[in-house]
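Chemist: In the order they appear, the protein sequences are chains F and E. Heads up: the first sequence begins at 8 in my numbering, then just goes up one per residue. Heads up: the second sequence begins at 766 in my numbering, then just goes up one per residue.
Some clues are possibly wrong.
Beyond 12 Å from chain E on every Cβ pair, some chain F residues (computed) [said to hold, decoys possible]:
1) T13
2) P14
3) P15
4) P16
5) Q17
6) R18
7) R20
8) V21
9) M22
10) A23
11) L80
12) L90
Label pairs and their computed distance ranges (CB to CB) [said to hold, decoys possible]:
13) F:R116 / E:W1174: 21 to 27 Å
14) F:V101 / E:T981: 52 to 58 Å
15) F:A43 / E:P990: 56 to 62 Å
16) E:T885 / F:R88: 50 to 56 Å
Honestly, the hints are just simulated from the structure, not real lab data. We put the beta carbon where it would ideally sit given N, CA and C, even for glycine.
Listed below, chain by chain, are the residues.
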Amino acid sequence: MSGSPTPPPQRVRVMAPPTRRPRRTTVPGEIDAQSAVGEVYMRSLIRSQLRLALGNLAILVVTVGALPLLFVLVPWLRHGRILGVPLAWLLLGVCCYPVIIGLGLRHVRRAERNERAFQDLVGGPQ
Amino acid sequence: MSREAITALAALLVCVLTLAVGSFGLRISRTTSDFYVASRTVGPATNAAAISGEYLSAASFLGVAGLVMARGVDMLWYPVGWTAGYLVLLLFVAAPLRRSRAYTLPDFAEFRLESQPARTLASALGVLIAVLYLIPQFQGAGLTVHTLTGAPSWVGATAVALVVLLGVVAGGMRSITLVQAVQYWLKLAALLTPLAFLLLHHGGGAAGAAARLDATDWVEPMRGPHSLYLTYSLILATFLGTMGLPHVVVRFYTNRDGYAARRTTVAVLGLLSAFYLLPPVYGVLGRRYLSTISAGDPSDTAVLDLPGHVLHGTVADLLTAVLAAGAFAAFLSTSSGLVLSIAGVIGQDVLGRRFSGVAAFRISAAFGALATLALTVLSTGLAVAHSVELAFAVAASTFCPMLLLGIWWPGLTAAGAITGMSVGGTLSTAAVMVALFGHSYGGLGGAVLSQPALLTVPLAFATMVLVSVATTQPAHVARTMVRLHTPEAVAVDRGAFRPRNAD
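For reference, chain E alone in the conformation it holds in the complex (with noise of 0.2 Å):
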């Protein structure tokens, strides 16, 4: 069998996989609540499992290896920042969040502001930074595909948006967890087995090899022109933006309590961990053994690329392919996280007066994915990780600060919030904007724009806290502060929000 056949097969293994575990959770679950919410009934293992096998995308299982083999030691910041997120995360948000019982973050902050138009801005920022971030996933996809077997970049990437659809309509949020779980440790030892053969492989490398791995802009940090700009901005972005992207805020809801919030917060930070020490590892390995790279220009495939260049023979095929799987959970996973998220605000928002609550659910999942795959194919390509990280720098002028100051400082009001993430979100997506036509500018004021987070998300911080000084509270937010932060055990007067749709 050719690696072609081989490759080819096992990532349908992965779509098949993906739907059987799927239609056993459709099984199981039958009303809206098992679809938006798995009814809570998910425990802290597998949720934590879940978290992290959605969050660990196209960008993690590829982007960082092509990355750290084309511009080095920098490039570490990626998988750091990515982690650091959920301790931010785990730190301010994670069990207060839970506890005020929203399901997305237009419930936030319609529950903590008490503003329908709060509600709407919300809602409009969570779909547009869902888009970005599925964006890469089916753009990583089509590239897959393309790399492994020569067939247009259209394929994967269409492949992708209905193995996803069909598990999302299908069985809602109960069967994606379950889905997600398993993917989690697909995709770790994806990575881990071919790792095992390429490290104990003792090959002199291909020519040139220890000239670039002593490369000094490469093995050196903070070589690069700008570079503290650019690693600070990319640490802000990451730091913070974990907390605002919408399918990671879904996850919350599926916690039992604020308690179990913050638990299965920690086990995903253990989980992220043990998944990030590898792909720093191919991206050496590729500067070792792909001569083919020109220095600086970041390479997607680097990973699926390694089997071939260091071993042969039916080894190299097999390994190739258990790779493609690694990186169809990848793209399954995540993108699967990401239209359950649009599904969520759009069905909740827009359909949800017209239609059954299973309905909307199943007509909004739709729409995204396939909307957002028409964009991918329309988009000019970009490196994988460097568009998620835009989604980062959005979420991080918009989300963060309504998140932050929403769930510790009760001064923060309607207008506050409005207008704080109407500026970070008008101006990062400017800048979001200008990197996805593909401009590029030089000198600061171009790193800026490829990386605006260190500017944007103060702007959006300060313009809130100045509005809201000037503005009046809304009236209940002192109950909104009580059901926030008092433990569940606690018997107190919560206020009479709930979600739609939730229950």
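In isolation and in its complexed conformation, chain F is listed as follows (with noise of 0.2 Å):
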């Protein structure tokens, strides 16, 4: 069989499939999009200032909350005083008030932190 000599393949190129997800490159194209990538950046960004409500709801808690429980348990802080002003009556009416305040400055600059964070990540206007 010697035959006609067969003509050589012809070169076919070979590409990946083509995809029908059109290109995103900016971080709030994927959180528009609704993608995998959006919706793993949105879930840090609630989570980061979900922990940070929480962690200052839990030293409310301990401090101004934990007191009617302290009262009971601890009977010096019943009816102690502090040159002649009874204990309790300034803790409640004068100490609550400066733990409030500091834990709403210390969450308002923690959570603006938390947020440019976020921005920093995404891109957005510097």
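Combine the two chains into a complex, taking the hints into account.
Modeler: Encoded structure:
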């Protein structure tokens, strides 16, 4: 079988199968498309803010919120006096407020820091 | 001039001032947007003073001092709780609520839950809470006028209702914001000035003052029966109820954005704390100088009675007049906010389709104020601070779980929110009704009925979570979460929801 020489096989260019997914390069684009990546970004933002809020709530609960229990458990707190002023009156009438204001300031600072970090991550306007 | 004349004049002056500042606002509020949200042009400092001015009601100005005078240190939890409520609101709700662009709680329910029935239920609950809160304001006005001039109590209640109506109907949100900012400072000054005179006065106090001030169950905390349950129930109701008060939520829409909402709230914490240092001092002074009180019976007029009992002559008359002016500022500012929020809800949900925006707003304001006035005249007397607390208990058992779960948990469904709010609302309202009709029972059962929050709040939360797990989420909840939590500077798609009538 000498036969005629077969022509050399034609070159075929091999390519990756075409994808339907449009190109999304920005994180806001991923978030808008509700892609898995976008979800991860959103979840990390919400988690960090929720952790912050719960942490500050916990501080409120163990400082201000624990007072009734402490009054019951520690008799000295009930009838102790500082410069003639009953300690319980001082704690409830005055000391609770700086704690509340301080927690508020702390929360605003940290919540805005979380948001700035998120903005840097997704490339918002600088 | 007699004391009656001076105090009547002072109260009248506050009413005129309110209307004057209101009419100044009238000239600059023309569009529907001005009426509902002051077109969102209010700066944080003005807005913080306005929020505080609106929040400090008859219960703060008169009620706390009376309760402290009668029952002692445990009553200090009221002002602490009312302040801490704003902190909890700041931690979980302030920025996301502003970013939701919801104007009222029903708006938020409709937006987050994508459900018309949820909106309707939220509207009904909002009106219920506002009316519960409005009744003690009108009551306080009647009581003040009766104490100071001897006129029947419906006179004071009607006067406040009419002034509020004129202000709200004429100027809407813009003028109210200005009025309330002024009224915060008026209230602070009205408590501070007489206090300076009272503290400088070196008198011996009424007969038996020393014994009354040293009474163990007055000076020491946690002495009463079931005090642990009652205190923690009060803490839960006030810490969690603030975020569910309709007139509080409306205010957040007037902030420019989420950042401004947070900063305004911190300023509010400072302003409230400064104010709440004062009423307990009045309570202690009342204990010392007012011998007529029967133990355990709170007197809402203690603040007003003090100058007349301690000082004499024109000074006493003038200081009483200053206090009366502050009290009227308290009734007017809180009532304005409540009537405004009732008008917002009814105007949007009931009348919005039949009347133009401004007309619907005015008609529903008139309806809300007059209906509550009728209820006030009919209802029995209850200590002002306690009936306000019932409104907090209902708010904490309904709107609080809806807001907290709705903002932070994508799993909350319309069915879950509706059943949870129904369970919490029904149980807490039932307890409230028992209290309003004057029944009181002994034992732990009586304590639960008088302060139901410690049971009803966890029940509402549990119901919402359980039902939500069994039902399907709203279709667009992912987009909703994006809108609630993404800072304004990030350009993302926030969905198409717009509250009715707001823009």
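Chemist: All the hints need checking, so say for each whether the structure fits it.
Modeler: Structure-based check of all given hints:
1. Even its closest Cβ contact with chain E, about 59 Å, leaves T13 (chain F) beyond 12 Å, as expected for a residue assigned away from the interface.
2. The claim that P14 (chain F) is not at the interface with chain E holds, since no C-beta of that chain comes within 12 Å of its own (minimum 56 Å).
3. For P15 (chain F), the requirement that its beta carbon stay farther than 12 Å from each beta carbon of chain E is met, with the minimum near 54 Å.
4. At the 12 Å boundary, the C-beta of P16 (chain F) stays outside the reach of chain E, the nearest C-beta of that chain being 51 Å off.
5. Look at Q17 (chain F): its CB is around 48 Å from the nearest CB on chain E, clear of 12 Å, so calling it non-interface holds up.
6. The claim that R18 (chain F) lies off the interface holds: its Cβ sits roughly 46 Å from the closest Cβ of chain E, which is beyond the 12 Å cut-off.
7. At the 12 Å boundary, the C-beta of R20 (chain F) stays outside the reach of chain E, the nearest C-beta of that chain being 39 Å off.
8. Interface exclusion of V21 (chain F) from chain E stands, the closest Cβ pair being 38 Å apart, more than 12 Å.
9. Every Cβ of chain E is farther than 12 Å from the Cβ of M22 (chain F); the closest lies at roughly 33 Å, confirming the non-interface assignment.
10. Every CB of chain E lies more than 12 Å from the CB of A23 (chain F), the least distance being 30 Å, so the non-interface label holds.
11. The beta carbon of L80 (chain F) sits about 10 Å from the closest Cβ of chain E, which is not more than 12 Å, so the claim that it is off the interface is violated.
12. No Cβ of chain E comes within 12 Å of the Cβ of L90 (chain F); the nearest lies about 15 Å off, and the non-interface call holds.
13. In this structure, R116 (chain F) and W1174 (chain E) meet the distance hint of 21 to 27 Å, their C-beta atoms being roughly 25 Å apart.
14. Between V101 (chain F) and T981 (chain E) the beta carbons are some 22 Å apart, a value that contradicts the proposed interval 52 to 58 Å.
15. Taking the beta carbon of each, A43 (chain F) and P990 (chain E) are about 57 Å apart, inside 56 to 62 Å as hinted.
16. The hinted window of 50 to 56 Å between T885 (chain E) and R88 (chain F) holds, with their beta carbons roughly 55 Å apart.
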